[in-house]
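**Q** Could you put together the complete structure from these sequences and hints?
Position one of the sequence shown corresponds to residue 3 (my numbering), numbered consecutively onward.
Hints were generated in silico from the structure; no laboratory data involved.
Do not take every clue at face value.
Below, computed lysine-lysine pairings styled on BS3-like, alpha-carbon distance capped at 27 Å [unchecked claim]:
| hint | residue 1 | residue 2 |
| --- | --- | --- |
| 1 | Lys144 | Lys52 |
| 2 | Lys61 | Lys45 |
| 3 | Lys52 | Lys42 |
| 4 | Lys87 | Lys45 |
| 5 | Lys61 | Lys87 |
Since we're looking at a predicted model, the values are computed, not measured.
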Amino acid sequence: KQWYQRRVAITAGNSGKSGPGKNNMSSLAVCPKLGLSYEKSMKILESIYKAVEEMLKKKQQPCVSPNGAFNVSCDKPEQMIELVKEAITELEIVPGSDFFFVLDVLASDFHSEVVPGQGSAKKGQSQSNSRHRYDWFEGQLKPTEDFCDFLEGLVESEDIIGLVDPLHYEVCNCLFI
Numbered sequence: 003k004q005w006y007q008r009r010v011a012i013t014a015g016n017s018g019k020s021g022p023g024k025n026n027m028s029s030l031a032v033c034p035k036l037g038l039s040y041e042k043s044m045k046i047l048e049s050i051y052k053a054v055e056e057m058l059k060k061k062q063q064p065c066v067s068p069n070g071a072f073n074v075s076c077d078k079p080e081q082m083i084e085l086v087k088e089a090i091t092e093l094e095i096v097p098g099s100d101f102f103f104v105l106d107v108l109a110s111d112f113h114s115e116v117v118p119g120q121g122s123a124k125k126g127q128s129q130s131n132s133r134h135r136y137d138w139f140e141g142q143l144k145p146t147e148d149f150c151d152f153l154e155g156l157v158e159s160e161d162i163i164g165l166v167d168p169l170h171y172e173v174c175n176c177l178f179i
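**A** This is the structure in structure tokens:
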């Protein structure tokens, strides 16, 4: 038998297609590193949540969604990460060491199918044989390959350990972390 340690996580920020800003990716969660007790994990999550709340109170009126996360205006998913990093600067916890990020991409919300090679790419957009396109920034419909490259770069440059719904379910060349 293989045993898995359960992880707790909280959604720190919502953005996405239904939110303000140009970023169509859904939300950002934080989860403590493996090996911590449940109590220690919950203390870390609570301190992050409170720090984000306090920072948003200073900057703007925090708007909390039904799932308890803060609705934030972001033009890029990196801005959600930077918001959390900025909020915790005075805490003694470090992203990538004490906790990690999980990005809920919700790609099925901004996925489109097009006819490959028949004028589906607009000026400045990549031409691809793939019929799948992603509009992860408002008005920038890009092929699957470009979207995977973007996600790979994001995961490599940030403290992200997981992607939720990174690609439309019909896309067979999946990105695994």
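**Q** Tell me, in ascending order, the numbers of any earlier hints that this structure violates.
**A** Of the numbered hints given earlier, the structure breaks just one, which is hint 1.
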